[in-house]
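Asker: Start from the sequences, fold in the hints, and give me the full structure.
Here are the chains, one letter per residue:
There are 2 protein chains.
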Amino acid sequence: MIGQRLNNQRLDHLPTPCLVLDQAILRRNIAAMAAALARHGVPLRPHMKTAKSIDVARLALAGQPGGITVSTLAEAEYFAGHGITDLLYAAGITPQKLARAAALNAAGADIIVITDDPDIAAMIGAMEVPPRTLIEIDTGEHRGGIGPEDGALEALAARLGPALAGVMTHAGHSYAGRSIADMARIAEAERTGITRAAERLRGLGHDPRIVSMGSSPTALHAAKLDGVTEVRAGVYMFGDLFQAEIGTHGLDDIAVTVLTSVIGRRPAERRLLVDAGGLALSKDRSTESVPVDYGFGLLLDAGGRREFGHSVICRAYQEHGVAEIDPAVPFPDLPVGAKLRVAPNHTCMTVAAHERYYVVDGGQTVVAEWPRVNGW
Amino acid sequence: MIGQRLNNQRLDHLPTPCLVLDQAILRRNIAAMAAALARHGVPLRPHMKTAKSIDVARLALAGQPGGITVSTLAEAEYFAGHGITDLLYAAGITPQKLARAAALNAAGADIIVITDDPDIAAMIGAMEVPPRTLIEIDTGEHRGGIGPEDGALEALAARLGPALAGVMTHAGHSYAGRSIADMARIAEAERTGITRAAERLRGLGHDPRIVSMGSSPTALHAAKLDGVTEVRAGVYMFGDLFQAEIGTHGLDDIAVTVLTSVIGRRPAERRLLVDAGGLALSKDRSTESVPVDYGFGLLLDAGGRREFGHSVICRAYQEHGVAEIDPAVPFPDLPVGAKLRVAPNHTCMTVAAHERYYVVDGGQTVVAEWPRVNGW
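Chains as they are written, first to last, in this note's numbering: chain A, 1 to 376; chain B, 1 to 376.
None of these hints come from the bench; they were simulated from the model. By construction, the Cβ of each residue, glycine as well, lies at the ideal position given by its N, Cα and C atoms. Don't take each hint at face value.
[Claimed, not checked] Coverage of chain B stretches by chain A, computed from C-beta distances (three or more under 8 Å per stretch; other residues unrestricted):
hint: 1; stretch: 15-25
hint: 2; stretch: 252-263
hint: 3; stretch: 278-286
hint: 4; stretch: 309-321
hint: 5; stretch: 331-339
hint: 6; stretch: 353-359
Answerer: The structure is reproduced here in structure tokens:
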């Protein structure tokens, strides 16, 4: 059962703005990641922070052990409710969230939490039924975690006691890479950092069964993953313009686009006004820092094809997007109401404004409608 | 009845991230706008695109005729379901949305639509029961609409026939103003443009009963509103850092903040990691272009006070925000789990990620929970 099936509804009939998910591309991206990790014999714990959909999770879990990563406890509750119980909640846990995770675990889930804080470690260690806990390691992103050589590791492990299940890291700074060689170099630093922390724990008499690393760029481009027990990645499922620019995948591998309608025409200024603005697309401007700047997204035709060259959404008001048409292509002679699509800068942000995916399979017929879990 | 009442729950107990709405500030902002327009004897048609809440709409409508502005048909459906039937849908209508608006009107709503397109005008004019329609006029924003002197006005009016109810404009370029004098100048251009279009229609034998203009800055700072029949504004209800920087209101007039928890501490780097990231705050960077750049938001204490100087969210990952503490203040000695608040850059974008407001009344006790309508 994959979501609600629709009877051959055409994209043309959907209310705009909305998300179109091409499952042909999604399946290809999932297969590419599975193949990349299979080379190393390391399993994937897909990060559902981007897709937030049980239907997508089922596809991403094909051939994998069955555990997932989540970015919110709302996701944990949702996926546990759909039978996925092995959940890694990949943001530093707080006392309040620890109570919520423990309640979920008491109801049948098996949420793994992470920490880099001695007070929280002591609190977890003192619990009657603590969740499995990973110590967060910083392998260069400088967001959360302690360094692999940090002396605090010993005290954290001691305080956690039997709750200690291993270590995890996220080389989010791989997003600052600009080539496959950059990704491979950052992946190796991520791997050596996390395996070093695990080795230190073993030296202290602990048993870090989980040695978890990952980001889409480093998961796809790691040269080796020796000593790593699982990899986490999420954005690879959908892709986006930013990931295409940094070399994670190609422009043809973007599975999610925003369907939009023309709501105004200014041929003399070579501009179209569309009903996908800052809410439908997000205000993310991550392509500002990569070779090709796509504004707030790249304009595609209703079939999702790159028919308009470098025509981008140059301004994003709340519900209005201004599409500036590339001078190298003819001005699209489209009436008000005509459908277009926009490829997102940063898919995690764009999809978050929407409640569901309208799923196509390479064409323009909606074959399913898949809900998302938003909020916290 | 204003939303679900909560029995003296403390902010401390709320799951984070979430929205805190201080109704004391909200009421003050609403009173300030009402007073500004009362000077001119012009009524307000509050724009609900920011608040998207029936509870806020009821406050904003006090002493006003009762019509509102909406930015999506989802809002129109929601507010009509709550008994507000006089609705101006302020984005260019498409054939598909025209059908949806007509269906709502047949069910008892009275949605006013806008257009600047001759084909759409002809389609509306040919409807058996057309919605009241306004011609969109461009008074300097250059987003939608025709110019006040544009020859196309005559044909649009003729095609609309009896559906023509008037003209509307939005001087969104007032956001590029940087002083009250700027706002007043843009407001006067907005007023002269929209009244000129109305005058031309009268000269053609039409009766433009609605002459609608507005944006929060121009509504608050217009020197005169002669010839205007209503003003639209929305963001003034909540305010934000951007509006404070351009002079629409003061920093103490921001009614909505994001409640967040500390999830990591890096005292040596003078950084705190919080659980309000790009989704909870939005990736809007509008304060980049104003005198004071607040990153992704200004850090406040749990009571909403500016206790940390210019400490801002300098990086926003999906669920992680990095707060950089102002060197001029002591590093906040807060444990993981401690609550803080973040004032938003652009409140319309920030609140859109959330399903509800937790309402306080000047203190830290939750007195109500008000739902929002999101999506399209």
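Asker: Decide, hint by hint, whether the structure agrees.
Answerer: A quick look at each hint next to the structure:
Evaluation of the coverage hint for the stretch 15-25 of chain B: fulfilled, as 4 residues show C-beta separations to chain A shorter than 8 Å, against a requirement of three. As drawn, the stretch 252-263 of chain B meets chain A at 3 residues by the rule of a beta-carbon pair under 8 Å; at three or more, the given contact holds. Closer than 8 Å: that is the beta-carbon criterion, and the stretch 278-286 of chain B has 7 residues meeting it against chain A, so the requirement of 3 holds. Here the stretch 309-321 of chain B counts 5 residues with a CB under 8 Å from a CB of chain A, which clears the bar of 3, and the coverage holds.
Using a Cβ-Cβ cut-off of 8 Å, 3 residues of the stretch 331-339 of chain B lie near chain A, which meets the minimum of three, so the contact claim holds. By the rule of at least three residues with a Cβ nearer than 8 Å to a Cβ of chain A, the coverage given for the stretch 353-359 of chain B holds, with 3 such residues.
No hint from the list above goes unmet by this structure.
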